[in-house]
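Here our numbering is used: position 232 in the sequence shown is 233, and no number is missing along the way.
Please note that a few of the clues may not be correct.
Said to hold, decoys possible - Calculated cross-link-like contacts (lysine-lysine; reagent style DSS-like; alpha-carbon spacing at most 27 angstroms): (1) Lys349 - Lys216; (2) Lys54 - Lys87; (3) Lys317 - Lys218; (4) Lys218 - Lys349.
Since the hints were made in silico from the structure, they are not lab data.
Computed from a predicted model, the values in this text were never measured in an experiment.
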Amino acid sequence: MGDRPIIPVFLQMAFGATAETPVGFSPSRQLAELLDQLEPEMGFRARAAGGAKVADLVEGLPPALSQQLRGRFGNAILAELVSLEKEREPELFFAGLLRLAGRLAQEPTTELTALGIYHRIEVASGLQPLISQARKQRKALQGEGSFGQNAEVFLRHAGREVGDYRNLLGTFAGATMASGFYKFAKYSTGRSMAQGLMARGIGPGTFEGAMMRMKAKAIGLAAGSFGAALSDRAVRSAFGQRVAWDASSLARDTAMYGVNLSAWRLASNLSTSYSVRAMMVESQPRNALWKELEIFTFRQLLGATSLGVAMVANQKIFDAGPENRFQALAHLASLSAGMNIGGLVGAKVLHLTH
2 MGDRPIIPVF LQMAFGATAE TPVGFSPSRQ LAELLDQLEP EMGFRARAAG GAKVADLVEG
62 LPPALSQQLR GRFGNAILAE LVSLEKEREP ELFFAGLLRL AGRLAQEPTT ELTALGIYHR
122 IEVASGLQPL ISQARKQRKA LQGEGSFGQN AEVFLRHAGR EVGDYRNLLG TFAGATMASG
182 FYKFAKYSTG RSMAQGLMAR GIGPGTFEGA MMRMKAKAIG LAAGSFGAAL SDRAVRSAFG
242 QRVAWDASSL ARDTAMYGVN LSAWRLASNL STSYSVRAMM VESQPRNALW KELEIFTFRQ
302 LLGATSLGVA MVANQKIFDA GPENRFQALA HLASLSAGMN IGGLVGAKVL HLTH
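Hey, can you work out the whole structure from these sequences and the hints?
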């Protein structure tokens, strides 16, 4: 169900129209006028004025118009809307409309329909308490309400826009494995190479030692990226999401995690260098806790910034990424948390300091 991408007639009308108490209230006429307001091509008003019932008119619609009307409301809400034709009291009728509008406002595809119903209550009910409620809800939906109303709408939209929780869990698992695998593979490979070089009498500070460290980092990056892609897909698949396991999709995700992991490691190296210099300048600070908090905040901000840049790069290169700012923030938080936890776990396993 959903609104059509056409500006309906009611949005061209002034919301400040004068409301008058309905004279000779007719639920059939009110419903017919509401439906014609939202879908002018239905032509219910004239036939309802002649005594026709809206329920019969809806049932007698041609297939194309019936599908159009049901697509706007959904079958369940349309049935409840038509059932209001039985209400003979204006208060009960318009209160029922207000409840249905509140439900329609919960979904982004039917917010426009909810606005139309709120508008109808404002201009046609003549019932001040309901007019006041409808106006408040309409303004909140348009971003013109009070702070509390706007916050409620914002949080509802944010909750919808964050996206599938399985994507966030997959991102978190992938980031954790990326950082952990990188650290484990890098140091394990580096130790093996160092032992071989030392056995031949070549120190780790030579050209061979530098090349050894580069190879270890490359192996760690490859292992971390591939492990992250597998973990991400495995978690999403375990929670019931359909996941493509073809080679091209897996290679793309591996490359995307490679970009994220590279950005994170670059930020980690820079933040480590900053931490060392900060402690050398003031080895015994007056407030050690404050100094630790300052360093921690800098490291996290630098890491989050680097991951944000990496996410934008992935979107530009691979045409893949969060669809909106809320999803981007949620994914960034999952990536940052996963990278931190993976690095700590990897350090613990190897008995290193992070």
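Hint-by-hint comparison with the structure:
no., hint, verdict
1, Lys349 - Lys216, "23 angstroms, holds"
2, Lys54 - Lys87, "10 angstroms, holds"
3, Lys317 - Lys218, "26 angstroms, holds"
4, Lys218 - Lys349, "19 angstroms, holds"
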